[in-house]
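Asker: Start from the sequences and build out the full structure, keeping to the hints where you can.
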Amino acid sequence: MALKVLDPTNETVPPLGQTAPRLTSLAGKTVGFISNGKEGTKGFFAHLDRLLREEFGVADVVMRVKSNYSAPADRDIVDEIARWHAVVTGIGD
Amino acid sequence: MDLASKTYDVADVHAVQELYHANGWTDGLPIVPPTQDAVHACLDWAMIPPDQLLGIEPVRGVPITAEKLAINAVMAGCLPMHFPAVVTAFVAMLEPEFLLHGATASTGGCAVFIVLSGPVCRELGAAGSFNALGNSDRATATIGRAIRLALINILEVRPGGIDRSTLGHPGKFSYCVAEDEADSAWLPLHAQRGLPPEVSAVTVMAAGAPRQIMNEWTTEPEEILETFAAEMRANMRHYSIWAGNYALIIPKQLREHLQVARWSKTDIAAFIFERARIRRGEWAAVGKGKVVRDRGESEYAALESPDHLLVVAAGGPAGGFGAVIPPWLGHKSRAVTLPIGACVDCEPPER
Chain A
15 MALKVLDPTN ETVPPLGQTA PRLTSLAGKT VGFISNGKEG TKGFFAHLDR
65 LLREEFGVAD VVMRVKSNYS APADRDIVDE IARWHAVVTG IGD
Chain B
182 MDLASKTYDV ADVHAVQELY HANGWTDGLP IVPPTQDAVH ACLDWAMIPP
232 DQLLGIEPVR GVPITAEKLA INAVMAGCLP MHFPAVVTAF VAMLEPEFLL
282 HGATASTGGC AVFIVLSGPV CRELGAAGSF NALGNSDRAT ATIGRAIRLA
332 LINILEVRPG GIDRSTLGHP GKFSYCVAED EADSAWLPLH AQRGLPPEVS
382 AVTVMAAGAP RQIMNEWTTE PEEILETFAA EMRANMRHYS IWAGNYALII
432 PKQLREHLQV ARWSKTDIAA FIFERARIRR GEWAAVGKGK VVRDRGESEY
482 AALESPDHLL VVAAGGPAGG FGAVIPPWLG HKSRAVTLPI GACVDCEPPE
532 R
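Residue numbers (the working numbering), protein chains in the order written: chain A, 15 to 107; chain B, 182 to 532.
Keep in mind the hints are simulated off the structure, nothing from the lab. Each residue gets a CB set at the ideal place from its N, CA and C atoms; glycine is no exception. Just so you know, not all the hints are guaranteed correct.
To be verified - Straight-line C-alpha distance at most 20 angstroms; calculated SDA-like pairs for lysine to any residue: (1) K18(A) <-> H221(B); (2) K469(B) <-> G51(A); (3) K18(A) <-> K469(B).
Stated by the list, open to error - Covered by chain B, according to a simulated footprint, are these stretches of chain A (three or more residues, beta-carbon under 8 angstroms): (4) 17-23; (5) 65-77.
Answerer: Structure representation (structure tokens):
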């Protein structure tokens with residue numbers, strides 16, 4: 015028997031932010047880290063900090079830690095992103 | 182009012198299954214074809230127009246309309262009479278303290294544990310007796326599944342997508358229980374949590390899998406509850422030490438001992454609050470010595486306060502069993518209880 019059935023998904027796509035222009039070089043730039051604050055992030059970001067400064071000539075690395083690792087970044091951290099050239103964040107433990 | 186969703190013409194019910202599976206619209210099990218008539222029947226029962234905005238998912242700004250929720254409820258096998266409970270559960274999950282995005286995206290892999298309480302349990306045939314945490318009845322099976330399908334389809338909470346669970350647990354198919362009020366002298370859960378006893382309500386909690394306990398060798402309340410507290414302590418050692426909402430599922434056999442001794446849910450919570458505690462140093466005995474540091478003597482309670490314990494009367498009549506349902510992760514998410522049904526005079530819930 016032929017059936018007419020309905021789409022169960024949210025067909026309206028929520029507005030997405032635009033991707034920032036890609037950098038051609040990290041030299042002399044400011045890079046922000048947004049950490050979820052979990053135990054394993056300390057070594058990871060410390061290593062990445064050193065790598066960016068020593069091998070890519072990054073001028074400054076700004077480290078920010080979310081107040082709740084399961085929630086989106088705090089408003090003041092999000093506001094600060096505009097002052098950075100690049101930001102590193104992600105999920106994980 | 183017409184439905185706004187895109188429609189698909191398919192040859193038969195088998196083709197429906199293949200279409201929905203191929204698009205990632207299922208939990209892996211067959212679904213009930215969501216036809217316009219079936220979806221309208223759900224909306225009509227709940228007296229909600231299809232375009233009613235039930236809420237907006239706060240992180241990604243995704244609107245949740247009654248129509249989309251009803252489509253997923255039909256797919257889950259819900260009858261129209263089940264839909265108001267689905268709506269209430271989803272609205273409860275949208276309360277800020279539930280932290281919906283975190284609770285559904287986390288590597289921690291929790292599920293949405295749903296407790297039905299009040300007259301609705303009897304109306305829906307949601308008995309809360311035999312096999313209460315398993316496949317006990319149609320209502321709890323389909324209401325719990327509707328929530329999962331709605332998360333998958335409306336909020337894209339698919340494994341490997343938004344859902345980053347490392348393991349998850351079987352409750353992610355359906356994790357709904359009805360409180361056994363007909364066979365309990367206790368206040369129903371929603372009354373314990375501040376709603377009028379006569380209403381029907383839904384409580385949602387971001388929760389791990391049930392941890393079953395057994396103690397058939399005593400009638401003393403303190404001894405019975407010590408077994409529950411020990412399981413909570415085990416959860417604190419082996420999983421997470423942080424305080425959060427815990428649910429205790431207490432079936433009839435153990436419940437009767439507690440009720441004969443006139444222990445109320447409040448008494449139980451007060452006892453558990455004191456007993457479900459560990460020292461941080463106990464982590465060293467379970468392989469987590471590295472994070473004890475210099476705080477080995479620091480004491481951690483499973484509950485911030487006694488009212489964070491959800492005591493639920495449910496389970497078959499025989500067997501000295503019970504279950505501890507632990508929180509996803511401390512108080513990252515808090516349990517939310519809402520009454521079912523519209524109330525034109527009600528104030529919004531207090532923040």
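Asker: Look at each hint and say if it fits the structure.
Answerer: Results of checking the hints against the structure:
{"no.": "1", "hint": "K18(A) <-> H221(B)", "result": "holds (14 angstroms)"}
{"no.": "2", "hint": "K469(B) <-> G51(A)", "result": "holds (18 angstroms)"}
{"no.": "3", "hint": "K18(A) <-> K469(B)", "result": "violated (55 angstroms)"}
{"no.": "4", "hint": "17-23", "result": "holds (count 7)"}
{"no.": "5", "hint": "65-77", "result": "violated (count 0)"}
Checked against the numbered hints given earlier, this structure breaks hints 3 and 5; the rest are met.
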